[in-house]
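Enquirer: Given the sequences, and given the hints that come with them, work out the whole structure.
Spelled out, the chains give:
Protein chains: 2
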Amino acid sequence: MENQSTVVSFGVRLASQVRRLGNPVVVGLDPSLDLIPPAFLSGGGPSAAVERFCLAILDAVGDLVPVVKLQSAYFEVLGGDGVHAMAKVAASATARGLLVIIDAKRGDIGSTSAAYAEAYLGPRAFLPCDAMTVSPYLGWDSIEPFLSVALANHKGVFVLAQTSNPGARDLQFATVNGKPVYQLVAEHVARYDQAEEPSLGLVVGATFPGTAEALRSSGARSWFLVPGIGAQGGSLDTLVRFRRPDGLGALLSSSRALTFPDRFGGAAAWSEEAVRSSTRQLIDTVVAHRAA
Amino acid sequence: MENQSTVVSFGVRLASQVRRLGNPVVVGLDPSLDLIPPAFLSGGGPSAAVERFCLAILDAVGDLVPVVKLQSAYFEVLGGDGVHAMAKVAASATARGLLVIIDAKRGDIGSTSAAYAEAYLGPRAFLPCDAMTVSPYLGWDSIEPFLSVALANHKGVFVLAQTSNPGARDLQFATVNGKPVYQLVAEHVARYDQAEEPSLGLVVGATFPGTAEALRSSGARSWFLVPGIGAQGGSLDTLVRFRRPDGLGALLSSSRALTFPDRFGGAAAWSEEAVRSSTRQLIDTVVAHRAA
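Here the protein sequences line up with chains A and B, keeping their order.
Heads up: take any position in the first sequence, counting from 1, add 3, and you land on this note's numbering.
Heads up: take any position in the second sequence, counting from 1, add 3, and you land on this note's numbering.
It is worth saying that the hints were derived from the structure and are not from the lab.
Hints may contain errors.
Each pair may be met inside one copy or between any two copies, as identical chains are not told apart.
[What the hints assert, rightly or not] Only pairs whose alpha carbons sit at most 25 Å apart, straight line, appear in this in silico SDA-like list of lysine to any residue:
(1) Lys91 x Leu67
(2) Lys91 x Ala51
(3) Lys91 x Leu36
(4) Lys91 x Arg127
(5) Lys91 x Ser114
(6) Lys91 x Gly47
(7) Lys182 x Gly170
(8) Lys182 x Arg172
(9) Lys182 x Asp144
(10) Lys91 x Glu121
(11) Lys91 x Pro49
(12) Lys182 x Pro169
(13) Lys91 x Pro41
(14) Lys91 x Gly48
Expert: What follows is the structure, given as structure tokens:
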């Protein structure tokens, strides 16, 4: 596996992993200290608690889903110790055969983006990571280092096109010659990576099925990382609009509803079984929607 | 000083500090391992080298300028140890009486932005920091936590409006009802913080004097953090277009030309004296342009 991962592109590995597991669900790790069950909090300080909690989630769902997504903010808020914990969680996920997306939404001028790209996607990255999220506000030269470093190292990138929050409308619907920003982003990414199974994808929120449909009907083959189902209001009924004709291409990401089932999922108390059960339930629903 | 910083707004502290030092120059710390002189590299690993280099810069210029800006990417690339080093450098800068801007360009959906805001601007931030940079791609709800946490804690935010790189044109010139994205950002920030001396500012690149002039002539009082002079092609001759009528309001940020004078400034070799001399030279030029 080690060897294969150095020669097979992220896109091909992703497609193969989704086929193998039979579902495209991404479990998001947003280990907010405000939400982690008290049992995890004793001993070793907050970063140890965050690490223990994330490893328990990996124990619960590591054999069910193809991908996990680590939200950098909840590690970063704990400073250097939190970043060390994020690296350990990523290493554990990788060792279990999961693909790892770091949700960092980085983006800067070219020379600084190059440093960020090396940090997460380069051969000496500080943590094992298969793909990361990138914000395109600074334009094409600002995302170039991420795209090129990713392709050179068989990694992936998901560039923010249309995010799942209500504020997504504020700037992502702005236009250049009549074309909305999210479409310009999608076209740029598609031009950059014309592989049959692309490694460079887009973030397209579940709350914007119209955007997904517009992009797919204009021929986009990119993988979409799709946040926003459930709590944020995105509906699984629209899932078909996010997929490619081959049925692949849409990664459904869910975080709190899966990992905090006691708070957001109706479970009486937090347990690995409750996390596993909420994840299984989402997988079953997604698979049923695919069959439909 | 400790006490004052908890009760006086960032905007007021910034104006007072710029007046006291007599210049608005920001020394940017971009401690790329590829550029740091070999003398710093031995002993303690890369994060120790980065820390030593940054402390040497603070020794060289800490009494000359009002503000230093730490570019997160060059610390982050070293993982948790690098983030620990960033915190130590920020603490040392604060202890010397410098204001500290963390250039992190974060931005995410609201709940995640809240975690980022707590990380850098909250009462339990992992490092001392007076202000940070924020990217608005995800819209107003995505930057709200940064703005509100900053104001509640007497800190500041610089929201990317028009960046200094050529790619700034790609998305920041997109329009909504004829108004460019950078202007929407400026208007939103001005509406949010109507203090006479605002704490919420904008990033406006030196390479876009037309943007600065348009924003100033429409009455914007926000502080502009202005990167891009020198290497990126921004000219000090246009500086007056970035300032408010009272002569304040424009922070001029320079990184490599000041901190790597051997590579980007014509000095024969790196030394604290050469760093100090290149910084003095920029200050003198900026002051001369103010008088003109």
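Enquirer: Would you mind marking each hint as holding or not holding in the structure?
Expert: Hint by hint, here is what the structure shows:
1. Taking the closest pair of Cα atoms, Lys91 and Leu67 come within 25 Å of each other only inside a single copy of the chain (21 Å); across copies the shortest separation is 41 Å, beyond that limit.
2. For the homomeric pair Lys91 and Ala51, the shortest alpha-carbon distances inside one copy (10 Å) and between copies (21 Å) are both at most 25 Å.
3. For a Cα distance limit of 25 Å, the shortest separation of Lys91 from Leu36 qualifies both inside one copy, at 18 Å, and across copies, at 24 Å.
4. In this assembly of identical chains, the alpha carbons of Lys91 and Arg127 lie at most 25 Å apart whether taken from the same copy (15 Å) or from different copies (24 Å).
5. In this assembly of identical chains, Lys91 and Ser114 lie within 25 Å of each other by CA distance solely across copies; the values are 24 Å between and 28 Å within a copy.
6. With identical chains, the CA atoms of Lys91 and Gly47 are at most 25 Å apart both within one copy (15 Å) and between copies (22 Å).
7. When the C-alpha separation of Lys182 and Gly170 is checked against a cutoff of 25 Å, the pair qualifies both within a copy, at 19 Å, and between copies, at 17 Å.
8. Taking the closest pair of Cα atoms, Lys182 and Arg172 come within 25 Å of each other both inside a single copy (14 Å) and across two copies (15 Å).
9. Taking the shortest alpha-carbon separations for Lys182 and Asp144, both the intra-copy value of 19 Å and the inter-copy value of 23 Å come in at or below 25 Å.
10. Taking the shortest alpha-carbon separations for Lys91 and Glu121, both the intra-copy value of 18 Å and the inter-copy value of 23 Å come in at or below 25 Å.
11. With identical chains, the CA atoms of Lys91 and Pro49 are at most 25 Å apart both within one copy (14 Å) and between copies (20 Å).
12. In this assembly of identical chains, Lys182 and Pro169 lie within 25 Å of each other by CA distance both inside one copy and across copies; the values are 20 Å within and 20 Å between.
13. In this assembly of identical chains, Lys91 and Pro41 lie within 25 Å of each other by CA distance solely inside one copy; the values are 21 Å within and 31 Å between copies.
14. Within a single copy, Lys91 and Gly48 get their C-alpha atoms as close as 15 Å, and across copies as close as 20 Å, so both meet the 25 Å cut-off.
Against the hints set out earlier in the document, no violation occurs for any number.
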